[in-house]
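Peer 1: The residues making up each chain are set out below.
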Amino acid sequence: MENVSYLDYKGKHKGLLGWILSTDHKRIAILYLVSLIIFFLVAMTFGFLMRLEMLTPGKTIIDPQTYNALFTLHGVIMIFLFIIPGIPAVFGNFFLPIMLGAKDVSFPRLNLLSWYFYIGGAALVLISLFTGGGPIDTGWTFYVPYSLRTQTNVSLAVFAAFVLGFSSILTGLNFIVTIHRMRCPGMGWFKMPLFAWGLYSTAWIQVLATPVIGITLLLIILERFFGVGIFDPALGGDPLLYQHLFWIYSHPAVYIMILPAMGLVSEIIPTFSKKDIFGYGPIAMSSLAIAFLGYLVWGHHMFSSGISDTSRAIFSFLTFIVAIPTGIKVFNWVATLYKASIDARAPFWFVVAFIVIFSIGGLTGLVLGSLNTDIHLTDTYFVVAHFHYVMFGGMGLLFFGGLHYWFPKMFGKMYNEKIAKLGTLIFVIGFNGLYFPMFIMGYLGMPRRYYDYLPQYQIYHVISTIGSWVLIIGILILIFNLLKALLSKSNTTTELNPWGGTTLEWTVPTPPPLENFDVIPTVTHGPYYRPNLIKPEKSH
Amino acid sequence: MSNEAAVAHVHRDDEGSKMGMWLFLFTELLLFGGMFILYASYRFMYPDNFKVAAMRLDTLIGAVNTILLLTSSLTVVLAITALRRNQKTFSLYLLGFTVVAGGAFLVNKFFEWSAKIHHGIYPKGPEMANLSDGESVFYGLYYVMTGLHALHIIVGLAFIIFMMVFIARGKQTGDNCQKLENAGLYWHLVDIIWIFLFPLFYLIH
Amino acid sequence: MSDNTNTHTHEHPGYGLYILVWAGLVGLTTITVALAGFNLASLTVVVAMAIAVIKSLLVTNYFMHVRTDSAVFKIFIFVCLAIFLTMIVLTFFDLTYRFPLK
Numbered sequence: 001m002e003n004v005s006y007l008d009y010k011g012k013h014k015g016l017l018g019w020i021l022s023t024d025h026k027r028i029a030i031l032y033l034v035s036l037i038i039f040f041l042v043a044m045t046f047g048f049l050m051r052l053e054m055l056t057p058g059k060t061i062i063d064p065q066t067y068n069a070l071f072t073l074h075g076v077i078m079i080f081l082f083i084i085p086g087i088p089a090v091f092g093n094f095f096l097p098i099m100l101g102a103k104d105v106s107f108p109r110l111n112l113l114s115w116y117f118y119i120g121g122a123a124l125v126l127i128s129l130f131t132g133g134g135p136i137d138t139g140w141t142f143y144v145p146y147s148l149r150t151q152t153n154v155s156l157a158v159f160a161a162f163v164l165g166f167s168s169i170l171t172g173l174n175f176i177v178t179i180h181r182m183r184c185p186g187m188g189w190f191k192m193p194l195f196a197w198g199l200y201s202t203a204w205i206q207v208l209a210t211p212v213i214g215i216t217l218l219l220i221i222l223e224r225f226f227g228v229g230i231f232d233p234a235l236g237g238d239p240l241l242y243q244h245l246f247w248i249y250s251h252p253a254v255y256i257m258i259l260p261a262m263g264l265v266s267e268i269i270p271t272f273s274k275k276d277i278f279g280y281g282p283i284a285m286s287s288l289a290i291a292f293l294g295y296l297v298w299g300h301h302m303f304s305s306g307i308s309d310t311s312r313a314i315f316s317f318l319t320f321i322v323a324i325p326t327g328i329k330v331f332n333w334v335a336t337l338y339k340a341s342i343d344a345r346a347p348f349w350f351v352v353a354f355i356v357i358f359s360i361g362g363l364t365g366l367v368l369g370s371l372n373t374d375i376h377l378t379d380t381y382f383v384v385a386h387f388h389y390v391m392f393g394g395m396g397l398l399f400f401g402g403l404h405y406w407f408p409k410m411f412g413k414m415y416n417e418k419i420a421k422l423g424t425l426i427f428v429i430g431f432n433g434l435y436f437p438m439f440i441m442g443y444l445g446m447p448r449r450y451y452d453y454l455p456q457y458q459i460y461h462v463i464s465t466i467g468s469w470v471l472i473i474g475i476l477i478l479i480f481n482l483l484k485a486l487l488s489k490s491n492t493t494t495e496l497n498p499w500g501g502t503t504l505e506w507t508v509p510t511p512p513p514l515e516n517f518d519v520i521p522t523v524t525h526g527p528y529y530r531p532n533l534i535k536p537e538k539s540h
Numbered sequence: 541m542s543n544e545a546a547v548a549h550v551h552r553d554d555e556g557s558k559m560g561m562w563l564f565l566f567t568e569l570l571l572f573g574g575m576f577i578l579y580a581s582y583r584f585m586y587p588d589n590f591k592v593a594a595m596r597l598d599t600l601i602g603a604v605n606t607i608l609l610l611t612s613s614l615t616v617v618l619a620i621t622a623l624r625r626n627q628k629t630f631s632l633y634l635l636g637f638t639v640v641a642g643g644a645f646l647v648n649k650f651f652e653w654s655a656k657i658h659h660g661i662y663p664k665g666p667e668m669a670n671l672s673d674g675e676s677v678f679y680g681l682y683y684v685m686t687g688l689h690a691l692h693i694i695v696g697l698a699f700i701i702f703m704m705v706f707i708a709r710g711k712q713t714g715d716n717c718q719k720l721e722n723a724g725l726y727w728h729l730v731d732i733i734w735i736f737l738f739p740l741f742y743l744i745h
Numbered sequence: 746m747s748d749n750t751n752t753h754t755h756e757h758p759g760y761g762l763y764i765l766v767w768a769g770l771v772g773l774t775t776i777t778v779a780l781a782g783f784n785l786a787s788l789t790v791v792v793a794m795a796i797a798v799i800k801s802l803l804v805t806n807y808f809m810h811v812r813t814d815s816a817v818f819k820i821f822i823f824v825c826l827a828i829f830l831t832m833i834v835l836t837f838f839d840l841t842y843r844f845p846l847k
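Protein chains in written order, with this note's numbering: chain A, 1 to 540; chain B, 541 to 745; chain C, 746 to 847.
It is possible that some hints are incorrect.
These stretches of chain B come out as covered by chain C in the derived footprint (C-beta under 8 Å, 3 or more residues) [stated by the list, open to error]:
hint: 1; segment: 561-570
hint: 2; segment: 693-701
With a Cα cut of at most 30 Å, we get these calculated DSS-like pairs of lysine-lysine [unchecked claim]:
hint: 3; chain 1: B; residue 1: K558; chain 2: C; residue 2: K819
hint: 4; chain 1: C; residue 1: K819; chain 2: B; residue 2: K649
hint: 5; chain 1: A; residue 1: K484; chain 2: A; residue 2: K14
hint: 6; chain 1: A; residue 1: K12; chain 2: B; residue 2: K711
hint: 7; chain 1: A; residue 1: K421; chain 2: A; residue 2: K274
hint: 8; chain 1: A; residue 1: K59; chain 2: A; residue 2: K14
hint: 9; chain 1: A; residue 1: K418; chain 2: A; residue 2: K339
hint: 10; chain 1: B; residue 1: K558; chain 2: B; residue 2: K628
hint: 11; chain 1: B; residue 1: K711; chain 2: A; residue 2: K191
hint: 12; chain 1: A; residue 1: K274; chain 2: A; residue 2: K413
hint: 13; chain 1: A; residue 1: K418; chain 2: A; residue 2: K489
hint: 14; chain 1: B; residue 1: K591; chain 2: B; residue 2: K664
hint: 15; chain 1: A; residue 1: K421; chain 2: A; residue 2: K489
hint: 16; chain 1: B; residue 1: K711; chain 2: B; residue 2: K558
hint: 17; chain 1: A; residue 1: K14; chain 2: C; residue 2: K819
hint: 18; chain 1: A; residue 1: K489; chain 2: A; residue 2: K12
hint: 19; chain 1: A; residue 1: K12; chain 2: B; residue 2: K628
hint: 20; chain 1: A; residue 1: K12; chain 2: A; residue 2: K413
No wet-lab data here; the hints were simulated from the structure.
Predicted model, so just to flag it, every value in this text is computed and none were measured.
The beta-carbon is built from N, C-alpha and C at its ideal position, and this holds for glycine as well.
Same shape as in the complex, but just chain A (with noise of 0.2 Å):
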């Protein structure tokens, strides 16, 4: 079979009917890639304004509605048009048939669909911004019952979620049958890469989970249209169920954030350890745990909404459980950076930032889990740190690292390291600089969601807006720096293992071609064996 890289090759249809036609992973993956991050700008942009009207207390630049328009949409565009998609529809959908030594996943015509389903339901967003009451102010939310009195567009917007969520489960159901049937000979479960491990538990919440929201979604249609009255307090419904159907999807959707990141740590590490991954079978687990635990805990996002005692206690209880699974990844990372050989190149410097501030997010999420102190952070701006540090400093963080981890696999070109890790250190400045003060502000009382506020709280909101500048720099820098590289014809490469990995996709051709191999390989060890193992002398 010829050698034709997936950039170059022509099939039946030309130029861009053959990449929005084409059920290629790797074209998909691309087509996710330039909608993921046009939209991740868009949302961005939304932040930057926000930020700008929190300069000073009272009207800095926009009005109270604009206000609250603003900061739903930079929910509902970061969270479910790049967060959640983010890394299974960009990476996963690039290399987990390679990694598993496949031509494909099981359905690729499925796999278009999703795509299909994403553009379909961003256009819905974008329409509801236009049309109706104009853009909806309700906060990603939608809680019942001002989304169901609000004159803003809710309906159009909420149906765009409904119609985004069919992405992410179409997008779920392929990867857990091509994990069950496509891996090639010798690659047994345990054989299988970490980020495999990492998909496949997200895929099972991405299958399970949605519809649950799907449900919920169509019901504040259904009550906004219809009175239909399940949710309407004034007709016997209970608000309360809103929020338990909400949340039962919603807080397993941070881990189909989360875990796909996790599961790209799990190779940038070895990478860069030149060494096994210590672990394998504890990460492995803790991904399905993680998945699984991740079910039990939605009520802590309700500790202040008048849901009872015992159960308040109950899902406090099994908060804490669930940060034990994510420990042992941790932990496992660093054993492996133990007496390892690092070489400390810029995707690994993300991993290394991803850490600490993940860290920092999931230990101030142990603070929020437990009911008196949640009493007193819920609603703050704590809670807007919290999340940013693990969402944004967890998935974002990664959704960088891991283009810089296969930027020149993908696109045959290399970018300028020093310039990427610049960026990197501005972005974790200006990161820590716009939500490390939210935590101090939160723990005084600013409300979150709120448009004024008391003077007293002014220095942390202009520190933070300072920060969002220097870290939205630090993106933009790597950002032209990833475009440069693509824009180049001087440093295309063909290197096909620039940076010395273990796994499938680091043997076939940089590009890759159309269906990855011209033989399916076979597989006789672990995905992060090498054959001059570092073993650490053992100490008399």
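Could you slot chains B and C onto chain A? The hints should help.
Peer 2: Just chains B and C now, with coordinates in the frame of chain A:
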């Protein structure tokens, strides 16, 4: 190298196809599952009013509909067996019966709903305001759940009709019938959901 | 790797078994309707659901062939039901303690 030639040698994976269909069934189960959680919660909150509200539903029609769906499930699985035995025409008759039974279910549903609507018992309807909180929640759930279920019956019937066309054209045969089996799985799920809906809405006495 | 033919190692049930299962389903439906006529108080839901579960098991195992399929499908179904069950149970920890038990 053309895309067509490159994918020409992709293997058929019946087991994988079945797995994909089952995963999709799980999403349908959880979609209705959310509604069942709501039903359970509200029945717990309004046990007496639910009983009162349920008395207005016609148990006979509900039972007939149950038998219709159960029988249509039987004919679907018989149709698969028939196709396996290369009894193509018999298979098509059985699937035809399934479609007719499903259609009859929908006709019954139409009459049930018409009767209620005629009496003003529908969301924002004149009679709804006179009902107690629990009763109006019951009917809200009734319309949403049976409505959603009816929608799935329509989808299932479409699925089966497509399969009938495929069988007639030889695209599904005795040793290549996973799509038909998948359609059958979908239909059975729609049947199972009704198996639970029936007692929960019609048999609270 | 991928099987591309119907590599079923077991014989498919004949028409007879399916008709027998159908008769069982109709029978159970009759029973559940008949029982609705009795006042079972708090047991009403339990009994009705138990019968519904048995009917579903018949449909799943025989009509949907889960009984004779490979174990992975049984595991999948178990996982799905377990998750669904936890959703109901944990929701009810809220409800049962929020409202005075009747």
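Peer 1: For every hint, state whether the structure bears it out.
Peer 2: Hints, one by one, checked against the model:
Requiring three or more residues with a Cβ within less than 8 Å of a Cβ of chain C, the coverage given for the segment 561-570 of chain B holds, as 5 such residues are present. A stretch counts as covered by a chain when three or more of its residues have a beta carbon under 8 Å from one of that chain; for the segment 693-701 of chain B and chain C the count is 0, and the coverage is violated. For a cut-off of 30 Å, the pair hint linking K558/B to K819/C stands: about 13 Å separates their Cα positions. This hinted pair does not check out: K819/C and K649/B have alpha carbons roughly 33 Å apart, beyond 30 Å.
Distance restraint check for K484/A and K14/A: the Cα-Cα separation of roughly 26 Å lies within the 30 Å cut-off, and the hinted pair is therefore satisfied. The suggested pairing of K12/A with K711/B holds, with an alpha-carbon distance near 24 Å, which does not exceed 30 Å. Distance hint between K421/A and K274/A is fulfilled; the C-alpha atoms sit about 20 Å from each other, no more than 30 Å. For the proposed pair K59/A and K14/A, the alpha carbon gap of about 51 Å is over 30 Å, so the pair is violated.
Our distance criterion of 30 Å between C-alpha atoms is met by K418/A and K339/A, whose separation comes to about 26 Å. The hinted pair formed by K558/B and K628/B meets the criterion: a straight-line CA distance of about 22 Å does not exceed 30 Å. At roughly 38 Å between alpha-carbon atoms, K711/B and K191/A are farther apart than 30 Å, so this suggested pair is violated. For the suggested pair K274/A and K413/A, the alpha carbons sit about 23 Å apart, so the restraint of at most 30 Å is met.
Taking the CA atoms of K418/A and K489/A, the gap is about 19 Å. The hint holds against a cut of 30 Å. For the proposed pair K591/B and K664/B, the alpha carbon gap of about 21 Å is at most 30 Å, so the pair holds. As the CA atoms of K421/A and K489/A are separated by approximately 22 Å, the hinted pair is consistent with the 30 Å bound. For a cut-off of 30 Å, the pair hint linking K711/B to K558/B stands: about 17 Å separates their Cα positions.
Between K14/A and K819/C, the direct Cα distance comes to roughly 45 Å. Violation of the 30 Å bound is thereby established for this hinted pair. Between K489/A and K12/A the alpha-carbon distance is near 27 Å, which keeps this suggested pair within the 30 Å criterion. Under the criterion of a C-alpha separation no larger than 30 Å, the hint pairing K12/A with K628/B is inconsistent with the structure, at around 36 Å. For the suggested pair K12/A and K413/A, the alpha carbons sit about 27 Å apart, so the restraint of at most 30 Å is met.
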